[in-house]
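Undergrad: Listed here are the chains, written in short residue letters.
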Amino acid sequence: MSGFQYGVSLYSYTDDFGTVMDLEEALEHAADTGATGIEILGETHVAAYPEPSSAWVDHWHATIDRLGMRPTNMASWVDTRVTLTHTMTEEEGAAQIMQDLRLAHRLGFAFIRPKFGVVDEELTPHPIWRGAVARALDLAAQLDIVILPEIHAPTPIRHPVTEGYVDFIQKTGTKHFGLMIDTGIFQDRPLTHWGGGITDEIRKGALSFLNGIAVPVEHLIDVIQYVPFIQAKFHHIDETLHDHHIPWDRLVPMLKKLNYNGFLSSEYEGERAPWVAIEQVRRQHCLIRKLEAEYDAAHAQENAHG
Amino acid sequence: MSGFQYGVSLYSYTDDFGTVMDLEEALEHAADTGATGIEILGETHVAAYPEPSSAWVDHWHATIDRLGMRPTNMASWVDTRVTLTHTMTEEEGAAQIMQDLRLAHRLGFAFIRPKFGVVDEELTPHPIWRGAVARALDLAAQLDIVILPEIHAPTPIRHPVTEGYVDFIQKTGTKHFGLMIDTGIFQDRPLTHWGGGITDEIRKGALSFLNGIAVPVEHLIDVIQYVPFIQAKFHHIDETLHDHHIPWDRLVPMLKKLNYNGFLSSEYEGERAPWVAIEQVRRQHCLIRKLEAEYDAAHAQENAHG
Amino acid sequence: MAERTTIQSSGFANVSHEGTITGFRVRLRQPNYRGLRLSLIEGIDVTVGDTTYPAESNCLMLDGAAYTHAQMAEEIATRWPVGVCADVHVPAPGGLQPGVHDVAVTLRLRHPYFPPQFQPVFVRDQRHITIIR
Amino acid sequence: MAERTTIQSSGFANVSHEGTITGFRVRLRQPNYRGLRLSLIEGIDVTVGDTTYPAESNCLMLDGAAYTHAQMAEEIATRWPVGVCADVHVPAPGGLQPGVHDVAVTLRLRHPYFPPQFQPVFVRDQRHITIIR
Ligand SMILES: [Mn+2]
Ligand SMILES: [Mn+2]
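Protein chains in written order, with the UniProt record's numbering: chain R, 1 to 306; chain P, 1 to 306; chain H, 1 to 133; chain X, 1 to 133.
Chain R with its partners taken away, still in its complex shape:
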């Protein structure tokens, strides 16, 4: 019986990184969960990004190997409005993606997630995205890295943005572009704990986002064939293993039913008090592993009786 692969995004330890833990310690906390996949943010976790020293790269590989892990996704940004007076061209966007593809390859990653600048409150990516990605596809194929834009609240699955990405996959026929699902789109209760750097201005302007866009888990059926990687966004799991915002009890069975066997990469985005993320990530792994085991046990019985 195939199953989920478990990973951790070092984004989970935002604000801890550089105040109470360094990169190696963050990797050790991730490994201690039993996770085998490690996700990073290029601009955050790679010293001297985009050109780390050879010594840094060697140490990266040595640490990952020592911990028995492997690199999954490296987050990338295409800062379209790069100055107040200049917006990136398709060529410049492609250069950013190709730079990150090369760095990701050097570090052993299988995916990169470019986050494009947007043009409206629907988070419609700047129109250069299509041309920029198109120009980078050959390099992605050559390095065997898949480019994955993130489907992130408030953008749901059934939405022109997501449909635009699917259209691109279908038209190009590429195997090196897909979708990453951020499980924040399934959030179905208002946020009580949030670590995404909210300000009063944003809180006033973005209430529906904070209440959760509650995408039905069934909508995964539409796109799962394009989803090789999932960011397991969450905000608070209490000591009874109850997640206050994300419906894992519906999401896990749906992913199992769809035979998803990629990574679930923990992306904790809750209270940013020091060290809290370490325990929160552990609780999420415990919770999802329990739900997966329950599903597997139920199915083993079905099969036995069938």
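Bear in mind the hints are in silico, worked out from the structure with no lab data behind them. Here a beta-carbon is modelled for each residue, glycine too, at the ideal position from N, C-alpha and C. Some clues are possibly wrong.
Unchecked claim - Stretch-level coverage of chain P by chain X, calculated; a stretch enters the list once three of its residues show a Cβ under 8 Å from a Cβ in chain X:
1) 87-95
2) 140-154
3) 239-252
4) 285-291
We have chain R already, so just place chains P, H and X with the ligands on it with the hints.
TA: For chains P, H and X with the ligands alone, kept in the frame of chain R given last:
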């Protein structure tokens, strides 16, 4: 006009050390106050104590030099009741002191402070102290390090323990044994902030200690000739530069009047929330420097008018 | 670096011997302000939920070496350094169930420079930590 | 490592040029979760007590190099890394008096992936820090 020398004990950063700062960062925070003296705890701050690697020692000297500081005192412990069934002999106590003298010399320290086990609630040191120190005096002289037991609350200046140390100095005529004053003995108001690892058991049993033993600053006159080093113990200085427990406004003028020109080595022992000590140490340096400048200004006028 | 609490989140896990779960471990930050000779640690009790696992059966894994309760009492040369974590190994056949546990530890420390009536000093911590699987 | 707050205790000091105090500096932890191209920082205002020192006159000292407000706006290759501190230098003849000051900073950050109505985002911090002498 000679003046105080300013130092920092890394004890100030207890609990921060190893959770939010490493040794080099602690040294940098100390140096950023403008202090030139650095005090450490041998068993705490020396990696692989009592035998640090040569690389560690080289890095210690390089860092201290880079920061323009110099080592002052290294705290040492003589754990007389070393196991439940064995109490150190004089020879064993001497061996501990000599080990720390050699380490202190290797690291460039001028003083060591042995903290002896005690035999009663008056904090009377175990009687081996005299023989143990006597055996170590030749080595102290050879390395030119002064051994300084600490006069620490609840033991005041006028007390058999302090008198015993003075008697030892007078009888031996040594220049390599003296007194270290911990300014906690001048505390004259109840503690509101304490970081010394108090437990409920101790709080119930040691109320007078926590209320402050309020040694009159004039008692310094009795012993100042034997005091080459002072630990500037404190617990809380608020944003108006008011110290809630230690009477610096009386202590600083007395030390100036006595022409004390040794170090005042900050020993913060207040709230142990992460990072708080960094700012508290800075406030103490600001406060004592202001009081010293006021005294100097007043005396400059006196001299001008005299 | 270590978590500020004595009890650490990472490191909490069941422990196996030849394929059988024989107990669990809890990771602790050294709770004192100076390096601790092991002989000054008079015991480390661990409580999980309502069950207390007394110090006498527990052992300390420090820097790759295991010290039984009896060995610690005589170990005067080895120190548990400040800022360093060590794992308390607790015998418990079958281990603990995956899930969040209410864990408490009590360390009994002897500070020879403290008055006799404060010997040993009890250092306690209690918090929720998670066995993942 | 850096203090958790954006405004750091250490580093707060008067700054001299040829023996004359020309201003002061405040040390900041990079406040975002990813490395910031300097061109995405639209300004750093500093307030001490009742006086605001506007971003246009301040400059950022990062890794030994100084960037004026105008230079930052065009600096797309240099990033202020996460977990790294930089000093904001503020011109103020005579500097600040020794003592504890109520200091506030506002960073205006442009996140291209945020909707246009949230540009720039204001990141604020305020706390008491001390000029020692
Ligand atoms: Mn995400
Ligand atoms: Mn002291």
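Undergrad: Run every hint past the structure and note whether it holds.
TA: For each hint, the structure was consulted:
1. 87-95: As far as the region 87-95 of chain P goes, the hint is violated, because 0 residues have Cβ atoms under 8 Å from chain X.
2. 140-154: violated (count 0)
3. 239-252: Answer holds; 3 residues pass the 8 Å Cβ test.
4. 285-291: Since 4 is at least three, the answer is holds.
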